[in-house]
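Protein chains in written order, with this note's numbering: chain A, 162 to 342; chain B, 623 to 1521.
Simulated from the structure, these hints should not be mistaken for laboratory data. One should not assume that every hint holds.
The calculated BS3-like cross-link candidates involving lysine-lysine, where the alpha carbons are at most 30 Å apart (straight line), are [claimed, not checked]:
no., chain 1, residue 1, chain 2, residue 2
1, B, Lys-1129, B, Lys-1050
2, A, Lys-191, B, Lys-1096
3, A, Lys-183, B, Lys-1029
4, B, Lys-686, B, Lys-647
5, A, Lys-183, B, Lys-1045
6, A, Lys-275, B, Lys-1097
7, B, Lys-1034, A, Lys-222
8, A, Lys-189, B, Lys-647
9, B, Lys-1096, B, Lys-1129
10, A, Lys-222, B, Lys-1473
11, A, Lys-222, B, Lys-1050
12, B, Lys-1045, A, Lys-191
13, A, Lys-222, B, Lys-1096
14, B, Lys-1034, A, Lys-191
15, A, Lys-189, B, Lys-937
Label-pair ranges, simulated between beta-carbon atoms [stated by the list, open to error]:
no., chain 1, residue 1, chain 2, residue 2, range
16, A, Arg-266, B, Gly-1035, 34 to 42 Å
17, B, Asp-653, A, Arg-266, 53 to 61 Å
18, A, Arg-266, B, Pro-662, 53 to 61 Å
19, B, Gly-1405, A, Met-175, 52 to 60 Å
20, A, Glu-212, B, Glu-1090, 57 to 65 Å
21, A, Thr-174, B, Asn-812, 21 to 29 Å
Positions of the beta carbon are idealized from the N, C-alpha and C atoms, including for glycine.
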Amino acid sequence: MALTKEIRFNDETMALVQRMMKRYPEGKHKSALIPILHIAQAEFDGWLSPEVMDYVASVMKIQPIEVYEVASFYSMFNLKPVGKCLIEVCRTSSCWLLGAEDVIRHLEKKLNIKVGETSADGMFTLKTVECLGSCGTAPMMQVGADYYENLNLEKVDQLVSRFKAEGKRKSYTDQPEPRSL
Amino acid sequence: MSKIAYIDNQPFEMKDGETILSFIKRNSGEDLVPTLCDAPNLDPYGACRVCSVDVALKSDGPVKAQASCHTPVMEGSYIFPSTPRITKLRKNIVELVLTDHPLDCLTCEVNNNCELQTVAAKVGIRDVRYPAGKNHLDKKKDLSHPYMTSDFSKCINCARCVRACDEVQGQFVLSMAGRGFDSHIIKGMNTTFNESDCVSCGACAQACPTSAISDVFESKSVVPQEKVRTVCTYCGVGCNLDVAVADNKVKSIQAPFDADVNEGHTCLKGRYAFSFYDHPDRLREPMIKKNGKFEEVSWDEAYDFIASRFTEIKKTYGPDYIAGISSARCTNEENYLMQKFMRVVIGTNNIDSCARVCHSPTAIGMQRTFGTGAATNSIIDLQYTDCMMVIGANPTASHPVTGAKMKQVAMKGKTLIIIDPRKTELTKYAQFHLQLRPGTNAAVLNMMLYYIIKEGLEDKAFIESRTEGYEEFKKEILALNIPELEKVSGVDRNLVRDAAVAYASAKNAMSFHGLGVTEHSQGTFTVMLIADLAMITGNIGRRGVGVNPLRGQNNVQGAADMGCQPYQGAGYLDLKDPEVISKYELFYKSPFPKEIGYKIPEMYDASLNDRLKAVWIIGEDLVQTDPNTHHVKKALEKLDLLIVQELFMSETAKMAHVILPGASFLEKSGTFTNGERRIQRVNKVVDPVGNTKADGQIIVDLMNKMGYPEPDYDPAVQLKEISGIVPFFKGVKWEELGINGKQWPVLEDGSDTEILHLDTFKRGKGKFIHNAFKETAEIVDHGKEFPYIITTVRELEHYNSGVMTRRTRNSRILKEDVLLINPEDARKNSIGDGELVTVESARGEIVIKAKISDEMKSGVMSTTFHFPEIMMNVITSSISDSEAKCPEYKVVACRIRKK
Ligand code: SF4
Ligand code: SF4
Ligand code: SF4
Ligand code: FES
Ligand code: FES
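Just need the whole structure built from these sequences, with the hints factored in.
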């Protein structure tokens, strides 16, 4: 999938990236790699293409492969293109007991994709994940920076329609929505 | 007081910082503890745990299993390397590894030479008890690359390959990706060897304990009849090679870990580019040109022909109408014999070698300032230096093993200063890159000297006690016109100042220079300026400092040492000195020529002016590699007798009257002297192919034909003679050179020398001689008409004229010469990437493919000269260094247009 824009941080982002590197003692700025990768992922269509990783390496003055080994280790970095909303449904014990599987089946049917796939319109990717530490409000899922908790099928339908209507890309680095309990 | 630890309750003295593994190896034998992820040339890592041992604080205290390879020994601890508990643990670990390993040992390429197999046998595995589970056995092989191969179904995730690529070569091609069960080795961004940035050094293949990473020669698998240790024939690093031979054929080459020079590493030329030696193109028979066509003749016919022609020419015109060009690719003994032939048998000092076109200015420049024209220090000094200054050299391509070491040193945080018109690979690791315009080295170095004095950073004590001529020198430096020098060189003066301060204030600073210094009209003067920088900052005579020319060819140091130069005999004795002449006469019991002979460029002029009639060239392709091809060809065409001794039908050989087929380095013995003055043994690996002979034997045969009795070529015999006349070879004996050779001067008692000029210089005091910057005539005369500058360079994959490397798989990696051109210049001339460009200089023009790259600054272009198709030297000039006559390959004024 071709990227929608040139691989280059804008001035503001670049300043943020530089600040992050300066948080660490000289010669140890590599430690800023993970937060910077999050920024890059958010900036460049929600995934880290080899070109994006090369770019991050050049900005940080480290070897490209040092970026790749980190990115490939953590499941929150996507090495393949994803839809605008990456829906991550928890499938660990608490959520599972309280109906995670129904949620997953329902989403599969509704979006007409299997777990791990992206919908034809490029809007949604469905993924299952392990416990997100929100067992008290199971079943739950994460999209971008937000948790959606105490799910049932209607709630899932509403959320999907809402995301579709908004048509916005969701990232981990977004400002979380105000919580309404 | 010495510290003690115990192995099986027996006390042993321990060394500080030592690991448990090395402690056990030292005291209880190499093979007691099995290992998998540990490797002799890599840092301890601790991935496999096979090396576990029990450790207790008291003899009968509770024990804990520790991975011995990366755990330091603790004082007073009790180590039990092979208790039943530990052996069971090891066995279980290996058994688990084997559950995810194809058990097809019998058909595996490394069968019988696999570390996993050995360790499994050692820990006593008969069968694997675990049922087959999830595994990686269906991984695909990677056969994309001309040399490197992989089959990750055999991978045990020990990460030795990753560490070899990072810690030895510094290339960062390999890594471990994924996690847990999914951990796997990747190349680049998960591509193939061929698509990655791999430089085919083979370090990973040699490090891999299984066949998961290997090479097309299956180097680890070859169970040879014999392994012969010898020295690489390509560059002046002088890597030791372990050559596997079976049935008189070279099977593969590995790098010995106990080699001081390369410590288990090589580049792709040394390790993989050997198949030229029995290539069908090898010249196999002597040939004489009859009616314009080469005809195979017997050795006797060739010798008779040559001997009678030489005798005739000598009689008709005199000995000075004959000249010899010896080869820096040949052994010391052969070079020695060649100069002896010319001087004693023919009776002329017309003997030169290809050192002329590379480091002759270094020899002269350093002789004038220090008294000795050789590297002052050793490569091992990189471990002790705080600052490296690399001038006009691209070590990662031209001296790859040294280049790789420099990268490691720079990555450990040592200062790196690069003075070079190109963005070489090393510039990525450098604090300072002074990207000057080609031909202005002297300007930048003068500026550096100026700032060192201005900032008061000179080493006054050193200058006072060890040098002369400083006051005069200082006056001239302080009078320099800095803005003018800044303008001509194009380097910001503040950057020059900062670099000068970094060099001068480092505790130990080491300089390295290459042909980007010498191949200029001011080559010798530039070398002297580099020496001045070392003296003014006191960086001479201890570890981690000095002036270190990166000698180009494997034995360019030796060719000069042996006297293959027209003004100095064997051992650099000056032929202008009558006492020297009588010394040689006494030694050779024969009259000795007194006239200084021709340097190579002077031979061309002599031929064109009818003052030279015969030339015998050994192993040098003048037509392709010497500058101004048209001029060279005309001069060679005019000769009555041109003898070319070669491996292949080179461009020069095509013009010969007689061709003598020489033997390659794999087919003969002798010694090469590397760039750090290390005389190392070259050992014959296979018999000469076809009807070829060692170059030394050919010279001896001709000596005998011409009536001079000389024993057959045998390095031990010739070395004995050499040690009698070359002062710094005094204690060199063939049998005593050992596996790592000796660094000259070798004293009579056999002791050698790592660092020169410890307390005094060879010439007594170091001499400051100021040399101002002077624009080359090439720019002054042609700069207006030809506004661009082209500079010649080399690439990693090929060696000079490429006659050898082009006949190996290296030519699949790099297929052609290209013109590197800056994007801005390309745009201005409407040249696209990959398009053909005509490059024209005052001498001629060539057509070459453009490669757009920001390696070069605007206004400057570069190209290689590895392929005869381009004949780059059609456009280079006959201008040469004012002192040494080394040609100015590095500055050619030209103009370009799209073809
Ligand atoms: S051959 Fe050398 S450069 Fe290539 S991957 Fe192996 S170690 Fe790295
Ligand atoms: S490829 Fe070889 S060296 Fe690399 S991790 Fe696998 S087994 Fe170890
Ligand atoms: S670095 Fe030089 S001496 Fe060593 S293997 Fe490569 S070409 Fe040969
Ligand atoms: S099990 Fe789903 S959030 Fe913990
Ligand atoms: S050899 Fe020690 S952990 Fe592998």
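Task: Violated hints, by number in ascending order, as checked against the structure - done: Hints 2, 6, 8, 13, 15, 16, 19 are the ones this structure does not satisfy, whereas the remaining hints hold.
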